[in-house]
Structures are given as C-alpha cells and as structure tokens.
Amino acid sequence: MIVRYESWGAWVKLESQAALVALDREGVRRLGLDGGPTWRDRARPSAPLEVHMAVTARCGAGCEGCYLDARPDGAEPPREALLRELDALRDAGVFTVAFGGGEPTTRDDLDVLAEAARARGMTAVLTTSGLGLTDARLAKLRGFAQVNVSYDGASETYARVRGFDGAAAAERAIERVAAAGIAVGVNVVLTRDSFPRLRETLVRARDLGAREAQLLRYKPAGRAALLDYLARRLSAEQASALGPTLRELARSLCAGDDFHLRIDCALVAFLSADDELARDPSRLRRFGVFGCEAGGALAAFTVDGRVAPCSFARPTGLRATDLARHGDDPELARWRTHVDAPPEPCASCSLRSVCRGGCKVVAAHVDGTHGPDPECPRVIASRAASKDGAG
Amino acid sequence: MSAALGGGSREDEPSAEPRPEVENVLAVRMGHGANCSSIGSVVDTLFATATVGGAVFAAVVAALKVEEVSVVSPVARAMAANDEAPPEKDG
Chain A
896 MIVRYESWGA
906 WVKLESQAAL
916 VALDREGVRR
926 LGLDGGPTWR
936 DRARPSAPLE
946 VHMAVTARCG
956 AGCEGCYLDA
966 RPDGAEPPRE
976 ALLRELDALR
986 DAGVFTVAFG
996 GGEPTTRDDL
1006 DVLAEAARAR
1016 GMTAVLTTSG
1026 LGLTDARLAK
1036 LRGFAQVNVS
1046 YDGASETYAR
1056 VRGFDGAAAA
1066 ERAIERVAAA
1076 GIAVGVNVVL
1086 TRDSFPRLRE
1096 TLVRARDLGA
1106 REAQLLRYKP
1116 AGRAALLDYL
1126 ARRLSAEQAS
1136 ALGPTLRELA
1146 RSLCAGDDFH
1156 LRIDCALVAF
1166 LSADDELARD
1176 PSRLRRFGVF
1186 GCEAGGALAA
1196 FTVDGRVAPC
1206 SFARPTGLRA
1216 TDLARHGDDP
1226 ELARWRTHVD
1236 APPEPCASCS
1246 LRSVCRGGCK
1256 VVAAHVDGTH
1266 GPDPECPRVI
1276 ASRAASKDGA
1286 G
Chain B
22 MSAALGGGSR
32 EDEPSAEPRP
42 EVENVLAVRM
52 GHGANCSSIG
62 SVVDTLFATA
72 TVGGAVFAAV
82 VAALKVEEVS
92 VVSPVARAMA
102 ANDEAPPEKD
112 G
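For the protein sequence lines, the chains are A and B, in the order given. First residue of the first sequence? That's 896 in this note's numbering, and the numbers climb one at a time after it. First residue of the second sequence? That's 22 in this note's numbering, and the numbers climb one at a time after it.
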C-alpha cells in the first residue's frame, strides 16, 4: 500500500485490489505511521489524487462533441516533456494518471510512458476510441491498469452521439483488449439519445468483455460548446431519473463482482432528485463518491503542458511541471473552494459536500456564471419556485 | 517505486501496534477512478445490500493488515510550504 498523509489522516492506495482508502489518524497510527508536519501544521490544499494527461491532440475520429477539439494534425508533445510532467505528478503525490487526448494510441511511445508512470509509483489508465487499434498498438497497452473504450451504444446510437458510426470498431476493440488480458471498461456518454438505450448498451459492453462502465455527462467544451448542446444534453426528466436508473442497473447487472457501474463527477448533482440517496449522503461519502473535484482531487494537464482544474476547464497559468505549487494558484483555488460558500440552493443541499456545486463548466456555458449547476434537478426546482413566487 | 516514495516517518522495525479496523476507514473508493476526462466513482455499491457493502470494507481492512507500507514523499508539501529545496527523504 502507498500512504499519503492528509490533515485528517491519510489516503491509502492498495496494491492487492483497485481501491483507495481514506483512513482516520488513528487508523494511520495503527499502521505504525505518524503524519508529522502534515498533521501538526496548518492544513494546506491537498495535491490531486488523479490527473488527466492529454498526451496528444491528434485524432482522426472527428467526434462532433470532442471536448478537446482534437484533429488529425493536432499537436503532440515530445516524450521528454511528458516524462518531466510525470516527474511532477510523482513529486506531488498523485496516485493515478489517466492518459487521453486526442487519440493516445497514435503515439508510438505509449508503452514507454505507461512504464514511466508505473516506475514513478503511479497507476496508469487510458481511454481510446478503439478506432485503428492494430496489433502493434494493442501490444503497447499492456502496461495500463485499465483501458476504457468510448462506446455510447450500438451503431445508430453511437452515430447520434458522435456523428459517425464507430460502434463496430469500438466493439471489436473491447473484445480484443479483453482477450489480451487487459482490464477493459467502456465510457458511455449520456445524451438525450443514448440515455433511453443505456441498458442495452451496458449489456452489450458487458457481453463483449467490459468489466466496468463509466457514465459520462455530455459537457459543453471543445466542439460540444455550441448551441446544439442544449438539444443533446439530457432532458430534465432524464436527469431526474438518473438515480432510479442507476439503482435498477446496479441490481440487475452488477450482482456479482464482474461488472461495475461508475458515474462521472458531473452526474452527481443529478442524484439530488433521488430521495433515498439525498436522505443519506453519508452513504455516498462512505463509498467515496466524488462530485466536482476540479482543482482539488482532480487536475488536468493540457497538451501544451499547463494545469487545468479539469479536462473541460480552461487551463491556468501554472505549468504542469510546477504542479507541486498547485496550492498557491488562485484559479485552482477558485474552483476548489467554491463548495465552502456556495449560493442557494446548493448551500442547504444535503449532498453539498459530495456534489460540491455540480459542474461549473456547464454553469459557465449555460448561465455564464461560476455558480450552481443549471441542470441539477434541485436547482431547476428552486428556480421554478422563485419564478412562481415572483409571478 | 523506491525512487518515487520516501519512508515518511515510519519506524524501521515493523510496528507491534494493531492494524486499522473498519471504524478507522472514512471512505473507500473502489476501482481506478480515472478516465481521460473526468473523475469517476463506482456507484453500484451504493445500492447493494448492507452485507455486500460491509464486505467491501472488510476486504479493504484485510488488505490493510497484510500489505507492505510505503509513504509518499513529502516533497510537494515541503516545497509549497517553504518555497525552498525539498527536504531529504526519510528511510
């Protein structure tokens, strides 16, 4: 296990199973450890637990909603620059580095980078479209703890999300990665069109060998930051149905230990509509559910080597190689501390400490503010009530 | 791994103290968490029975009792706090 002291105890990354454990101080002492200055001195912002590293902006897929606006002639940082960034991640105590892009498998040195991350004590994971996954490229994925393939559904659904039908290629990639003995998951973007077919998408992915499905909220960044975002995003009814939908999917698809469901940080706000979960937020905390951790437990390295609060947010002026100074960056602090004093209806929300105010990228695009998530069911209800009251 | 990690303030000799118990576990994040764009959280455990949920914590505690311990280097914190060269690593 790897222990990283925090003011309240420590994060512990287990090696025998994929799990991150938050231990209180007494638990840390029972490991024979003492947090020393981290426990004695004034608490400083914790380093990210995980960082997303864009290893290329090159991609030929042309997905309509690409958050990076990746292109076939996109920039690709040299290996030496990425190795220096991995050094910075190690020095900051980051546990997990997620390689993305662009299409990361277009890099010839992906295996070298995965090994470099592992040599620095970090878990490396990767996301790919699965398009053009040759045997040579597949062989370079063996150093990753998990590979996630973007898969939004069968052909028509996939095409409605991404603008072309890449479902067959993605399905082949899932099968081939699984057959190679590499843990494989799928990333499923939830849009108005893909949500109704979610069950069949997950069943198909599981049957192809996926061990996990990560559900992602559609976000207005890159090529998705257009007016048609409003037509593609989940409807208010779909957003409110997320909790019950997850409950049904978990009970029917995740009975054993061979398939798991994950949701991304931006979807947590939608759980406020689920009475059972909203009544018992401690359950979400106990199982380590993270809402908007941008600038906190999460950070992103852009392809030009700058730190962003998350992959969808504009980068700060902080260089990736200076990540150790993240606690001093005012923009990262603005994102990280939003939860300390959010406006209503977040201030009185039972999920506040978990959700952390919802997705600020969505708020900025839809409302032009760094404020409450305008697609959160609780925010929608609050605004409707205010409007009725004013009328 | 040794290049990445310092010994922190761990004793050189194995401690005779008991290992952590379930009540010391504040939270468990299952899985690797990351993907290329956002931070992910396993949620099927939220809807599992208390027995299954308890088994998750029990399995974690069992691992805590047997895995070898390494401590992340305090380099970053020292740099941020003192704005000077990182300290020597312990251990």
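Bear in mind the hints are in silico, worked out from the structure with no lab data behind them. Heads up, a few of these hints could be off.
[Claimed, not checked] Which chain B residues face chain A? A few, computed with CB under 10 Å, are given here: (1) T72; (2) A80; (3) V87.
Beta carbons are placed, not taken as given, at the ideal position from N, Cα and C, and that holds for glycine.
Quick rundown of the hints versus the structure:
1. T72: B/T72 check fails; min Cβ-Cβ to chain A is 13 Å, beyond 10 Å.
2. A80: With a minimum Cβ separation of about 7 Å from chain A (threshold 10 Å), the hint on B/A80 holds.
3. V87: OK, holds: B/V87 within 10 Å of chain A, min 8 Å.
Of the numbered hints given earlier, the model fails hint 1 alone.
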